[in-house]
Amino acid sequence: MIYQRQFSLGQNKNLASATDALGRLRANPANAVAVMALYEACDRELQEVAVRYFGKNQLGKKAVLNLLVAVVSRAWSYDPQSMSASEWVSRMADAEARKLREPLDANRQHSPRLPRAV
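Its first residue numbered 7, the sequence shown is counted upward by one per residue in our numbering.
What the hints contain is simulated information worked out from the structure, not anything from laboratory work.
Some hints here could point you the wrong way.
List time: in silico DSS-like cross-link candidates among lysine-lysine, alpha-carbon distance up to 25 Å [to be verified]: (1) K68 <-> K105; (2) K105 <-> K67; (3) K62 <-> K105.
Construct the complete structure from the given sequences, taking the supplied hints into account.
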């Protein structure tokens, strides 16, 4: 029971730091400290999306950084009243991953070894 409480407190801390980081990025999109804070708070969400679309490989690892850049560039549109920060990050990352995945799927006939999006 204690472990469950510690886990939920850790999740709440990440949620608060993600919300804070997005707020700081809305005010100043060039805030590198806020970018790092967002990554630390939402790395799991970004990695889950990357693995879903690109697999657990080098391509998936590289995709995480691209997804982070896309999320940071859209931070101005985050509305904390509409949804949680982690849900917003997941949705933005998912939309970007779909865009990144399209050219790979178009070229799939030439390289059948590329992982399929799930």
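Going down the list of hints, with the structure as the test:
1. K68 <-> K105: The given pair, whose Cα atoms are some 15 Å apart, holds under the 25 Å limit.
2. K105 <-> K67: The hint holds at about 17 Å.
3. K62 <-> K105: 19 Å, holds
In this structure, every one of the numbered hints holds.
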